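Trainee: Read top to bottom, the protein sequences are chains A and B. Each number in my numbering corresponds to the 1-based position in the first sequence with 3 added. Each number in my numbering corresponds to the 1-based position in the second sequence with 3 added.
By construction, these hints were calculated from the structure, which means they are not laboratory data. Just so you know, these numbers come straight off a predicted model, no measurement behind them. Certain hints may be false.
As the list claims (entries may be wrong) - Among the chain B residues that face chain A by a calculated CB cut under 7 Å, a handful are:
| hint | residue |
| --- | --- |
| 1 | A11 |
| 2 | P12 |
| 3 | G13 |
| 4 | S14 |
| 5 | V16 |
| 6 | F21 |
| 7 | L28 |
| 8 | N32 |
| 9 | Y35 |
| 10 | S37 |
| 11 | H41 |
| 12 | V42 |
All residues carry an ideal CB built from backbone N, CA and C; glycine is no exception.
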Amino acid sequence: MNTSFRTCSVTGLKIYSEAEKLIKINAVTSVVFLLVGGLMAVLIALTRWPSVHLLPEDLFYRFLTLHAIAMLIAWIIFIEMAILYFASAILLNSRLAAPKVGWLAYILMIGGAAMIAVTILLGKADVMFTSYPPLQAASWYYLGVILFAVGAILGCCVFFATLVVAKAEKTYEGSLPLVTFGAAAAAIIAIITLAHGAIIYVPTWLWSLGVIEHIDAPTYRLIWWGMGHSSQQINVCAMIAVWYLLGTLTTGAKPINQKLCRTAFVLYILFISIASEHHLLVDPGLSPAHKSWNTGYFIHLAVLASMIHAFAVPASIEVALRKKGYTKGLFEWLKGAPWGNPAFSSLVFSMVGFGFLGGITGVTFGTEQLNIISHNTWRITGHFHGTVVAGTTMAFMGLTYYVIPLIFRREYVAPKLAAAQPYLFGIGMFLVSFSMMFVGGFGVPRRHWDITFTDAIFKVSFNPVVDIGMAVFGIGAILAVVGGAIFCLQAVATLLMGKKLA
Amino acid sequence: MANDENHAPGSFVLIWIFFATMVLLYFLNWKYLSAIWHVGTGN
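Could you build all of it, start to finish, from the sequences and the hints given here?
Mentor: Right, here's the structure in full:
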């Protein structure tokens, strides 16, 4: 058992080498997939923008599938593995329990992700992220997803085992830090999520092999979304844990009420699977009453958790900045905040993007009665680009501005560019998300190669203001891709050429 | 929430802006729905 460690010269935390290696490999892999997903993003964005309409039809759907997998599965879950190892081993000053299992988890995840990506690029899995039957991909696609999921479950198990080891070896005092608690909530939801995934992907894989004759489409949707939406709540829990961490790192903020914040994480665990029903609102198999109870009432218990964090995080930052002397009026603390620190600006963009663009729209679009004017329109896509991209991705980007100096021990090669990057990406994504929802309100569909329906037997036209909306989308997408590319290239350049820190 | 140690009046205002935005978006969506999908006897 390798128990060698170093002591971080900045934080004083013990960093065990096995944990450090696993954090590094998962973080680097996540950025590689972010680059792949970003490349796909610019290609499909320039196709959806009718004035450009770049790709042919088959490549659009292929690259859209790969974009979703690279971003929603690979980028996000690899970096969440890094976050889990960080939140357990590093924050608790502990050795990692079972590092060999951690490496097995990584191998399964990278093998699964590669299998999925290659199958898609070979044109054998043009099934979109949801892969709804009767659409059928090659069996390698489903096997890749299963392997990835098994790897992720193993990574979560290593996280939980490390919590046990840390407690047993008394490497920390008192309760788990709030960030670790939030990461634990994310890992618990991950187990629930991946169990749903196993229940549905294993029979679907067998169906693709011809072992099972038929997969019931509505049943698939029900169980798939038990995995699909819960997987987004893993992202929410991890993102909010990162918010608290970034608040502390950038401003010295401390949680204003530990019990309240922890209760909010528990509400997520209890109510998010129920809330997944908003994906099934036009499905015939569930009654309107069932849909209304889940999406009109129960979801608000999960929303309550979000409202608690929406106050607690900025409040903790405000308290910290007021203690530093920014006490004039209501908002001097905002003016005096470290806006030049890319971790802080990423944090703010993340909170505003997730809350205003993604969160509010998600709760309204997911209401049973209101969904019918949003379903399958670009309003939905705009909503989740607000939550997952402007929200979660920006929070994780912000975290890397500390991970690279503290874990990789490299100084950023272009600090001024790093300071500007969150603004480029954030403003770009705000434009993307808002314009998608704007044009979606006029009926522009999601997941369609040609919104002008050129070859349709009847004429389709939208309100002319949609053309302006699509142009804003195109510009926002280019800005966001430039911001994302700067992030990835900066990270790579820093790891290769950045000045080594002590 | 407003004791001396955790005094966050700015955030308190921000959260109300957030809540008001949610109420407004709900209202606008219900209004939009009512304009498209009429309920009643149609007389």
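Trainee: Compare the structure with each hint and give your call.
Mentor: Hint-by-hint comparison with the structure:
1. A11: With Cβ-Cβ at 4 Å, under 7 Å, it holds.
2. P12: Cβ of P12(B) sits 6 Å from chain A, so the hint holds.
3. G13: Nearest chain A Cβ about 4 Å off; hint holds.
4. S14: holds, 4 Å
5. V16: The hint holds - V16(B) has a Cβ within 7 Å of chain A, the shortest such distance being about 6 Å.
6. F21: Holds - the Cβ of F21(B) comes within 7 Å of chain A, reaching about 6 Å at its closest.
7. L28: Holds: closest Cβ of chain A sits about 5 Å from L28(B), inside 7 Å.
8. N32: Given a least distance of 5 Å, the restraint on N32(B) holds.
9. Y35: holds, 6 Å
10. S37: Since the shortest Cβ distance to chain A is 10 Å, the answer is violated.
11. H41: violated, 13 Å
12. V42: violated, 10 Å
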